[in-house]
Structure formats: C-alpha cells, structure tokens
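Peer 1: Please arrange chains Z and F on chain E, whose structure you already have, making use of the hints.
Protein chains in written order, with the numbering used here: chain E, 1 to 313; chain Z, 314 to 610; chain F, 611 to 930.
Derived from the structure by calculation, the hints contain no laboratory data.
No residue lacks a Cβ here, since even glycine has one placed at the ideal position from N, Cα and C.
Worth double-checking, as some hints may not be accurate.
[Unchecked claim] Pairwise CB distance ranges, derived in the manner of DEER restraints: (1) F/Arg748 with Z/Ser504: 49 to 59 Å; (2) F/Gly908 with Z/Met319: 48 to 58 Å; (3) E/Gln67 with F/Gln736: 53 to 63 Å; (4) Z/Ser504 with F/Gly908: 46 to 56 Å; (5) E/Ala86 with F/Gln736: 49 to 59 Å.
[Claimed, not checked] Here are a few chain E residues that sit away from chain Z, every Cβ distance over 12 Å (derived from the structure): (6) Asn69; (7) Pro79; (8) Asp82; (9) Ala93; (10) Ala163; (11) Leu170; (12) Ala171; (13) Met180; (14) Thr302; (15) Trp305.
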Amino acid sequence: MLGSLLTLVFVLVFNFFLFRVVQTDPIGSLFRGRNVPAATLDNLRSAFGLDQSLGAQFLYYLRETAQLNFGISYQSRQPVWDEIVAAIPATVALVGISAILSAVIGTIGGVVAAWRRNTWKDHTITSGTMVFYSMPDFWLGMILLVGFAVVLGWFPVGGMVSAGSNATGLARLFDQLHHMFLPALTLTLAYLGEYTLVTRSSLLDVMGEDYLTVARAKGLRDVVVRNRHAVPNALLPVVTLTAINFGFVLSGAIAVEAVFSWPGLGKATADAIRGPDLPMLQGLFLLFSTAVIVFNLLADLTYSWLDPRVEEA
Amino acid sequence: MTSIAMKRRRATAGRVWKEFRDSREGMIGLAVLAVFVLLALAAPLLADLRELNPVFARAQGNPQWGSPGEFGPLGTDHIRRSVWAQFVWGSRVSLFVGLAATLLTILIGSVTGIVSGFVGGKADGALMRVTEWFLVIPFLPLAIVLASVLGRSVWNIIFVIGVTSWPSTARLVRAQVLTVKQRLFVDRARSLGASGPHIVAHHILPNVSGLILANATLAVPISILTETTLAFLGLGDPSRASWGKTLEEAFVNGAMVRNAWWYFLPAGLGILAVVLAFTMIGRTLEQIANPRLSRSR
Amino acid sequence: MTEPLLTVRDLTITYHGHGGSVPAVRGVSFDIEKGGSLGLAGESGCGKSTLANSLLRLLPAGTEVSGEIILGGQDVLSLSPGGLRAVRWTSGAIIFQGALHALNPVQTVGDQIAEPMLVHETTPSQTAAGDRAIELLRRVGLPAARADSYPHQLSGGQRQRVLIAMALACDPHLLIADEPTTALDLMVQAQVLALLDDLKQERDLTLLFITHDLSVLTYACQRLAVMYAGRIVEQGPSWEVFANPSHPYTRALAAAFPTIGDTASRMAPSGLGGDPPTPGSLPEGCPFHPRCPLAEEGCLVSEPELRSSGVERSAACILV
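For reference, chain E alone in the conformation it holds in the complex (with noise of 0.2 Å):
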C-alpha cells in the first residue's frame, strides 16, 4: 500500500519535471500564432505562477492536479481534464470489453492446449495466438479494416457512430457496437496470446502435481479433475496477470484507436503527440499511470484473497 503511494509520488515529480524541461513558455506555446498583447500575456504568465521558482511552481502544480486542473489543451484551447473525461468511457467500453474477451478466449485456450499437450490442437493454438502476438496490433488493425470494412464493406471504416446519426437508444448501442467490433477483434486476437501461454505452462505446471492422480484415484471423471484441481490452482498467476493487465485498460490501445479514429483516450494521445501538445501529454500521462497503480495494488489484494498460502502483503 504505502509503495503504491511512493510510486504514485515518484510519478507526479516526474511528471512536473519532465515537461518543465520543455515547457519553456507554455503561455507562449498556448496563444502562438494568435495575435495577442504581450501585457496580456504576462498578466496570464503571473495567473499561472509561471514567474515564480522551480519550488513554488511544483507546489502549484501539486494543488491544481489534486483539483484536477490539468490545463489548457493546445489543440483544442479547452480544459485538458474535460478533453480526458470526454474520451474515457469509449476507451473503457472498447478496451475494457476486448479485455475481458482475451482473458477468457486465451485462458480457455490455454487450458485446452495444456490438457492436450502436443497434440494438434496444443501446436495449432500455441502458433497461432503466438503469431498474433508477435506482429504490431496496429498493423493487425490496418488488415482487418481493409479487408472487412474496405473490400467488404460489412463494417464503418472508423470512428464511433455512424456520422450525421441521431439515432438513439437501442439503434444508437447498435451502431457503436457496429463501429466497434473491428477495434475489439484486433485487440482481442493481438493479446490473446498472452493469456494462452501463461495459463498454458500455469497448468502444465499443475499437471505434474501428485493431488492430481489422487483425484482420480478417488474416482473422479477426467473432465472433473481438470476443472475442480487442476485450473483452479493454475488460474492463480492469470487471476494476477488479468488484474494487472486491467490497469493497462486505459492506455493500452493508442496505436489501435488511432487506426480506427475510436474517439478514445488513445486516439487523444496520437493526436496529442501530432501538436505536440504537451500539456495534454501531462494529463494522459498521469492518468495512465494512476490506473496502473491502483491497479496493481487491486492485483495484489486479489492474488492474497484468492491463494490461502499468501499472506497479505
């Protein structure tokens, strides 16, 4: 717990320090171009505390991200805190439900490939998913978006809804999930691999263990073993790796969103790269790692809770 909160310190001070470095005058950056009196421009350099020392600039830092004032966004001129909020829950739905798909398709997977080791069906799944994991999810993205959505036409070629929609409702959810499904299919087979080989070698490592044979000795059907012994003793280091890879949620499709133009905190990123726009680098950044670090430490607690042998960290 109290790492967690050292590490999330580490990161606000490495946050400031870094875009201080290149932030040289942000007013300056913010209203370039823009024909604007250099009076205002100090008056608004003094507002934002620029004038003052290294120290008390970090202070004001501190207090304005714990209200959540990120600053001005310089693409866009708005508030960099709505810019995120906006973006989140596309990220969430898109991110969090190919998640949870590539858990369970390779966590499946991986048990049907350990329980059938070196057959067929344990070669076909291992290559497979390790095909898909080697090659960049982007590019996986980019077929997928020519063959489906180019020559086929069955789906959107980007974004969220349908442009010019009003529709609501039922008609609306259908239409996202319409946009959604190439996104989510290219993030669910790129990190699917992850989950087969871990719950594979998990349970391979299970499998040689002697309460195996005693459940069968006892007359359990081999289906039963398998179920009741074995995966629940080899799903423990997935379970970990799951909650981990939760706390990725967030940042874990920029490539992806920025492929399919998913209205997303990825696609905010690739745009905030573009500018640079550095002051909602910062915000993104800080979010990003925030949910990492929560979620490592929901991890943790979890991993405790469900192996009787740990005791709590």
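Peer 2: Leaving out everything else, chains Z and F in the frame of chain E:
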C-alpha cells in the same frame, strides 16, 4: 584467463550450439533471422537508395499508387517511391534499432541486477524501488512522453526504449545472481581471498550469462515492436526509412482506403517474421539455459 | 480357503517416453488374503510405487501394462472407464506418499475427505458427507476444527493423518499405503503405524504396505516381499524374512536399518554400497550381482527365478 577456463568456455559454447541445432524451432528462427540480416546488409545491392527520394522517383516517371503489377516488385506509394526500396532499406533501421535498444536494455538491466543482487543491502533496496517504479509506469505512454520531449531521432528512440525496458531484465538477473550467490563456491572463493570484482567476473557472470542471452533474444521483439509503434505514432526519425515509418505513411496518406495493400502489408510481414524469429530463438535458448522449462513446453 | 482379495499375476509395466522404453516392473506376482497384510520393500526406483499406482490404473497414458490384477473378484485391467471409476476408492484406496503434494492446496482438508463420498454417493447429502469427514478426522486423531484448514496449515504428521482419513472415506476393502511414514520423524512414525494397525483391526482391512524401511514392515505386516529392479526377489512371513533373510539383498537391506526400539542396532548400521540399477539398463544375469557380496560366475549367466527357501518362503538367488 587460464587455458583451462578457456577450454571450458569453448566446450560450453559447443554444447549449447549442439543443443540448439537439435531444436527445430530454434533453427527455423535462426534461418529466418539470417535471411533478414542478409537482406538488410545487402540493401545497396537490392534497391537503389535514390528510390527513397520523392524528387528522384518523380523524375523516373514512377506511377503514383502503382500496384505490384504496374511497378515491381512491391509497387509504389503516394509520392511515387518504390515500396520495395522502402522495405529493404527500412529493414536496416528496424533491425538496428531493435538490436541497439536491446543492447542498452540488457546493459542497464544486467548491471543493475548484478550490482543489486551481489552487493545487497541498502543499494539493493534502493535499486529495486527504482526498478519497481519503472515496471509500474505504463511502458508505451512513458516512451511516448520521453520521445515527445527528446525529439525524433534514431538515437533518441534507442535511448527511450532502452531506458524503459530494462526493469524486467534487472529483476531476472538479480534473482539469478541471488541464487548463484548462495552456492558454496562463491563463499569458497571469498575465503580464498578473492575480491568482489573477481568473483563477479569469474563466478557470477558465467552463471548468469546464459540467462541474460536468452532474455536479450526475447527482448529484441519488444524493442522492434516498440520502435514500430513509436514510428507509427509519428515519433520516428523523419530522415530515415523504417518499417514503422512505412506503416505510418501508409496510414496517414490513405493507403487503407485505397486498398493499396502492397504499401502496408510487406512492412508488417517483415516485422512479424523478424519478431517470430527472435521469439523462437529466444525460447530455444531459454530451454537450453533452464532445462526444467522443457517440462512446461 | 477363500479367494484372495487381491491377486496379481505376471504384472509387467513399461514406460514409454522420449528416452525410450523403461521396464519398471517385470513379471511380479503375489496374493493378499482378505484381512491380510503384505509389505513391499525396496529402494527407490525398484518399481514399488509404479506397482501401487497400477493397481488402480493410475499410470500415465501410454504406459504399457500386461498381466493380471484381480481385485475383489474384478479384473482391473479390463474394466471400462466407468467401471474403473466405480472401483476406485471403493474397492481399493491409496494413502499416497509426500503428503503436502498429495493434497490440493486451495481446497480445505474437510472438502477433500468428503469429495469421494459425493462422487460415489455413499452419503445421502453434502452435509452428511461433511459430518462423516469430521468423524473420520476424529478417528485419526485430529480435532473437528481441522476440517476447515488448508493443507499448508497442518504439520507433516497431521497431513499424513488426513490422507489416512481420506483413504477411508468410502470404506475400501483394500488399503494401499505408499510410504506413509517416510519423511516423518520417528515419534510420529510410531503413532501413524499404531493408527494404521488399529484401523486395520477395526475395519477388517486388507493392507498393502509399501516402504523402503524393512524394519517397519515387520511390525505392520504378516507377509513381506522384497523388490529389486522391478521384480520380487524374496517373499515370506515378515518376521522370518527379516530375522533370517535368504537373499543377499534382503540381508543387506535388513542390516541397513536400525530396529525401532533396539538401541544397539542404531549404533551399528551397515550400508550397502553402490546404487540401484537404472531400470533402462540392467546388468547381465542377476541384476543384483554388481553389489552382491556373494556373487559368483553363475550369477552373470541368467536372472534367477523365485525358488522355495523355506515354508511359504521363496527367494530369487542361485545360492538358495
């Protein structure tokens, strides 16, 4: 190094090679890698560097968005440049960055891990805290932030990847060093009066190098994929062709909408092949370094 | 005379793996009368655990098993999968060795004892199974509260008792104890042995006791068989075989272990040099001859068969 030690080293290397040769997975990986290394090295022979220059390409009368049928072997892009030339010359940057960044990662990670594990105590505690911190920070955003701040060049990318990837190597190496440290012969060497650096060089390193090599080989795919992603997002070196940059340009200039598959398919396939090759080699080396793993394969 | 509860004839078990074929058990035959007890002794690698596991067909897939195993009138080797599952734990149950690994780490001890009852439907309900599990725990000397413990929370001796309780869950006719006292300290060993003896009397169990410690078998079993390199090299009434061995290997084995309670023997154990042979590469002729103090030329020629060495005794040695 004494001749006995050298003989032993050669024997170990020979044994490793022989085991490696027996692995079909490893040999396929090695073969594929060899093909691409040769491709990268032979770039000047395979494609004219001038083809990457849009002015030259226009002067040559290349078609725009030419398919492979119109202009072989891989067609042209939106500004008439040969895609084949981009593929061949891009392989150099992708491989180079992948290897160099991994080298940096392994260097930082190994040194940290060895020092941390061997010295122990407060230094260990402090280094591990730093390592944990790096591990928790989401890798790609950190890379993006650093790359944005530092500017777009090949060396910066190498630095960024190296600096963000070292923690897992450090943890692995440290664990191995701790295991080795517990073995008797280190104590014996100490009681014989051997100094710290001597022990590290002659006892710790040889027992850790196998693990480091396997880890390095598995780290290259991560470096390559990261470089690709960073280039795709616009953080690559604008003056050099790389596979990631090809993908970026394809995307930004609408290759997908036009179904100009020849533009983005080859670069991605190249990445896939090289990453798979390194993964297969790495898995084989891992199995050789740690035979216990073959039970779980 | 009634039929024996367990009859094993010419049992041969060969593992097939990456390294080739390994003959773990080579033509073993024995009987155990109902209510009787047989001890099986030998060093690691002699095939005794393989044999124990084979009785309920628990060997890995692909293992070649030939011969005959008749348990309670049924031919185990030719049972259908359903029939086999019905026989397991009800006709015969195994007390496994290495208690920590034989128990599922994430399941309570009580649940693990109750599980076979639910599988074989020997109790009317889940609650009844849970109650019976507690009853069994008490019988083996553990408090009822232990039912909610996890294996790692128990000591080695307690875990062994749990395995005994678990083996009794479905009232088996045959109890196979595979090294139940190995890795326990002597005090606990004696307690576990006493418990097994009590239970055997109480429930009229038939016992197959496997161990590498010959002296334990003289207390626990009526008859004993000594295994070496996958075959039985001597068998007979346990006290007689221990006190007056016919086979040189048995002699060495008996001398190697101090007798419980006999302090003099603890001071002067005599070990047997060398290692047991690797099952895949056995020596010519009698597999014991490289380590045998009485080996002579004839021992290299062929592997000796079991021949009578006394009343209801036999040994596989040309010197008998």
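Peer 1: So, for every hint listed, does it hold in this structure?
Peer 2: Cross-check of the supplied hints:
1. Remark: the range hint 49 to 59 Å for F/Arg748 to Z/Ser504 is upheld by a beta-carbon distance near 55 Å.
2. Against the hinted window of 48 to 58 Å, the Cβ-Cβ separation of F/Gly908 and Z/Met319 comes to about 52 Å, which satisfies the hint.
3. Between E/Gln67 and F/Gln736 the C-beta distance comes to about 56 Å, which sits within the given range of 53 to 63 Å.
4. Under the hint 46 to 56 Å, the C-beta atoms of Z/Ser504 and F/Gly908, about 54 Å apart, fit the expected range.
5. Taking the beta carbon of each, E/Ala86 and F/Gln736 are about 52 Å apart, inside 49 to 59 Å as hinted.
6. Taking the minimum C-beta to C-beta distance to chain Z, about 20 Å, the non-interface status of E/Asn69 holds against the 12 Å cut.
7. Look at E/Pro79: its CB is around 20 Å from the nearest CB on chain Z, clear of 12 Å, so calling it non-interface holds up.
8. Against the 12 Å criterion, E/Asp82 stays outside the reach of chain Z, whose nearest CB is about 20 Å from its own CB.
9. With a least beta-carbon separation of about 19 Å from chain Z, E/Ala93 lies farther than 12 Å from that chain, consistent with its non-interface assignment.
10. Look at E/Ala163: its CB is around 15 Å from the nearest CB on chain Z, clear of 12 Å, so calling it non-interface holds up.
11. The claim that E/Leu170 is not at the interface with chain Z holds, since no C-beta of that chain comes within 12 Å of its own (minimum 30 Å).
12. No beta-carbon of chain Z is positioned within 12 Å of the beta-carbon of E/Ala171; the least distance is around 27 Å.
13. No Cβ of chain Z approaches the Cβ of E/Met180 within 12 Å, the least distance being about 18 Å, so the stated non-interface status holds.
14. For E/Thr302, the shortest C-beta to C-beta distance to chain Z comes to about 17 Å, beyond the 12 Å cut-off, and the non-interface label holds.
15. Even its closest Cβ contact with chain Z, about 21 Å, leaves E/Trp305 beyond 12 Å, as expected for a residue assigned away from the interface.
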